[in-house]
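S.K.: Taken in order, these protein sequences are the chains called A and B. With the first letter of the first sequence counted as 1, position 121 gets the number 121 in full-length UniProt numbering; the numbers rise by one all the way through. With the first letter of the second sequence counted as 1, position 125 gets the number 125 in full-length UniProt numbering; the numbers rise by one all the way through.
Just so you know, not all the hints are guaranteed correct.
Calculated pairs, SDA-like style, for lysine to any residue (alpha carbon to alpha carbon, straight line, at most 25 Å) [said to hold, decoys possible]:
{"id": "1", "chain 1": "B", "residue 1": "K60", "chain 2": "A", "residue 2": "V96"}
{"id": "2", "chain 1": "A", "residue 1": "K97", "chain 2": "B", "residue 2": "K97"}
{"id": "3", "chain 1": "A", "residue 1": "K94", "chain 2": "B", "residue 2": "G56"}
{"id": "4", "chain 1": "B", "residue 1": "K156", "chain 2": "A", "residue 2": "A55"}
{"id": "5", "chain 1": "A", "residue 1": "K204", "chain 2": "B", "residue 2": "G56"}
{"id": "6", "chain 1": "B", "residue 1": "K97", "chain 2": "A", "residue 2": "K94"}
Computed spacing ranges between beta-carbons, pair by pair [stated by the list, open to error]:
{"id": "7", "chain 1": "B", "residue 1": "S35", "chain 2": "A", "residue 2": "L215", "range": "46 to 56 Å"}
{"id": "8", "chain 1": "B", "residue 1": "L236", "chain 2": "A", "residue 2": "A134", "range": "48 to 58 Å"}
{"id": "9", "chain 1": "A", "residue 1": "G162", "chain 2": "B", "residue 2": "L236", "range": "34 to 44 Å"}
{"id": "10", "chain 1": "A", "residue 1": "F131", "chain 2": "B", "residue 2": "Q71", "range": "29 to 39 Å"}
Read the hints as simulated data drawn from the structure, not as lab findings. Everything numeric in this text was worked out from a predicted model, so none of it was measured. A virtual CB, placed ideally from N, CA and C, is assigned to each residue, including glycine.
Number of protein chains: 2
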Amino acid sequence: MAASQSLLSLLLLLSLLSVAISQSLIRIPSDRKASSVDDDLYCDSWRLSVETNNAGSWIKIPSRCQRYVEQYTIGDRYLSDSEIVAFDSLTFAKTVKVAGDGKDAWIFDIDETLLTNLPYYALHGFGSEPFDEAAFDEWVELAQAPALSASMNLYKELKQMGFTIFLLTGRSEHQRNVTGKNLLFAGYNNWERLILREPSDQGKSATLYKSQKRLELVNEGYRIHGNSGDQWSDLLGFAMSERSFKLPNPMYYIQ
Amino acid sequence: MAASQSLLSLLLLLSLLSVAISQSLIRIPSDRKASSVDDDLYCDSWRLSVETNNAGSWIKIPSRCQRYVEQYTIGDRYLSDSEIVAFDSLTFAKTVKVAGDGKDAWIFDIDETLLTNLPYYALHGFGSEPFDEAAFDEWVELAQAPALSASMNLYKELKQMGFTIFLLTGRSEHQRNVTGKNLLFAGYNNWERLILREPSDQGKSATLYKSQKRLELVNEGYRIHGNSGDQWSDLLGFAMSERSFKLPNPMYYIQ
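Make a model of the complete structure from these sequences and hints.
M.R.: Here you go:
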């Protein structure tokens with residue numbers, strides 16, 4: 001009976017303790033947990049600084065943010081953020097009077113815009129490792145990057161509305177075949193033109209290269225209404241589109 | 001003894017249940033909780049769409065985001081986000097070679113940049129109510145808006161580094177005295193010039209008005225290195241600064 005009462009007391013204590021913990025009445029001191037909360041707050045602000053271009057140029061994600069970026073990209077938030085970008089893009093597209101002469105244009109970047117390279121970055125620290133061009137080129141050769149689903153829906157809607165679609169990528173001319181193959185594999189088709197870096201474009205900043213290519217389109221008589229890209233260098237410079245749409249990318253930065 | 005055993009079993013069950021709940025092994029169905037999680041995810045994405053200018057023009061915050069915006073602004077996140085903007089600004093400022101001729105300029109917006117009107121917006125739904133110009137003007141007349149602490153630190157550092165500070169606000173010329181009084185009350189001083197909307201500027205978009213004023217500074221020989229503002233209309237247009245810094249503001253949008 002005495003043993004039973006002791007057990008009873010122990011269980012009562014355990015029970016109350018569990019309820020208290022579950023309702024956060026008692027906080028268990030844990031450096032790891034506290035630091036994780038701090039990291040989340042910091043990394044959330046860091047990500048905003050990147051997405052608004054306040055951060056400017058950066059080489060790799062802060063080491064304390066690796067877990068955060070992983071959770072962001074493979075969880076609901078990346079998906080949700082991308083979907084609102086597509087929603088905003090479509091909302092604007094609906095205000096454009098498409099003339100029917102084929103000159104109403106929309107530009108898409110490819111990597112982290114139409115396609116997602118998450119399968120690659122998941123194996124390479126989600127941007128916490130220095131960029132390995134050789135390894136990434138091998139991944140590109142596989143032509144198996146899946147579509148970013150929000151962009152796929154937007155792409156199809158814009159096509160239906162009569163926009164002429166240009167794909168403007170930092171990938172090189174020698175990657176034309178695998179890039180086209182990957183786009184088809186992912187479900188994209190009927191783009192007007194796929195523009196890649198020619199040998200004469202090598203060494204140019206992405207901002208300059210993409211601006212020059214946009215200017216060529218403008219000189220051909222295209223009206224560039226929208227431009228979708230995950231890098232500010234996809235969107236800024238000259239011959240800018242009427243409206244630009246910045247897709248999220250907390251993994252890497254391209255000048 | 002039987003009663004004691006029943007109690008024992010009950011407590012054992014309760015104990016296990018509590019542990020299970022505390023460790024999220026069992027999810028308690030709760031519409032309110034689920035919807036709150038959905039709202040947080042949506043509102044987080046909505047806020048990003050606003051901060052990146054993807055959303056374009058908007059009138060008031062989505063009604064489902066009122067609680068979210070309140071928690072964001074009065075909690076740690078607004079502070080943390082503002083601090084990283086100040087950090088990014090300072091990091092860039094340190095790369096500028098200040099010539100010592102007084103022509104190296106930095107522009108600050110005032111509302112939600114140097115000063116925070118949170119005491120006002122806390123009483124007006126954090127952006128969920130339509131903008132009430134008369135009520136806001138009454139608040140401005142009080143001249144009691146506190147400094148946004150992150151901007152205060154940046155302001156002082158830039159002054160010490162020798163930058164010439166211009167304050168460029170959408171407030172009107174007739175609010176010059178109360179605005180100066182409020183800035184001094186908040187702890188700012190020694191700005192070069194406070195630029196407000198003159199009667200001839202009324203009716204212009206903020207982007208046009210601010211671009212024209214920046215162009216006047218450029219024509220006076222100033223080199224505008226940095227520009228800090230919570231609205232994209234503070235930053236975009238022509239005669240843009242070398243680098244722009246977007247402070248967070250999920251409460252309102254100015255064209």
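S.K.: Against this structure, judge whether each hint is valid.
M.R.: Right, here's what the structure says about each hint:
1. Proximity of K60 (chain B) to V96 (chain A) is assessed by CA-CA distance (about 23 Å); at most 25 Å being required, the pair is judged to hold.
2. A threshold of 25 Å between alpha carbons decides the hint, and for K97 (chain A) with K97 (chain B) the separation of about 47 Å lies outside it, so the pair is violated.
3. A hinted pair counts as satisfied when its Cα atoms are at most 25 Å apart, and K94 (chain A) with G56 (chain B) qualifies at roughly 14 Å.
4. For the hint pairing K156 (chain B) with A55 (chain A), the CA-to-CA distance comes to about 21 Å; that is within 25 Å, so the pair holds.
5. As the CA atoms of K204 (chain A) and G56 (chain B) are separated by approximately 30 Å, the hinted pair breaks the 25 Å bound.
6. For the given pair, K97 (chain B) sits about 46 Å from K94 (chain A) by alpha-carbon distance, which is inconsistent with the 25 Å threshold.
7. Distance hint check for S35 (chain B) and L215 (chain A): the Cβ-Cβ separation is about 48 Å, which falls inside the suggested range of 46 to 56 Å.
8. The given range of 48 to 58 Å is broken by L236 (chain B) and A134 (chain A), whose C-beta atoms sit roughly 39 Å from each other.
9. The hinted window of 34 to 44 Å between G162 (chain A) and L236 (chain B) is violated, with their beta carbons roughly 29 Å apart.
10. Between F131 (chain A) and Q71 (chain B) the CB atoms are about 37 Å apart, so this pair conforms to the stated range of 29 to 39 Å.
Against the hints set out earlier in the document, violations occur for numbers 2, 5, 6, 8 and 9.
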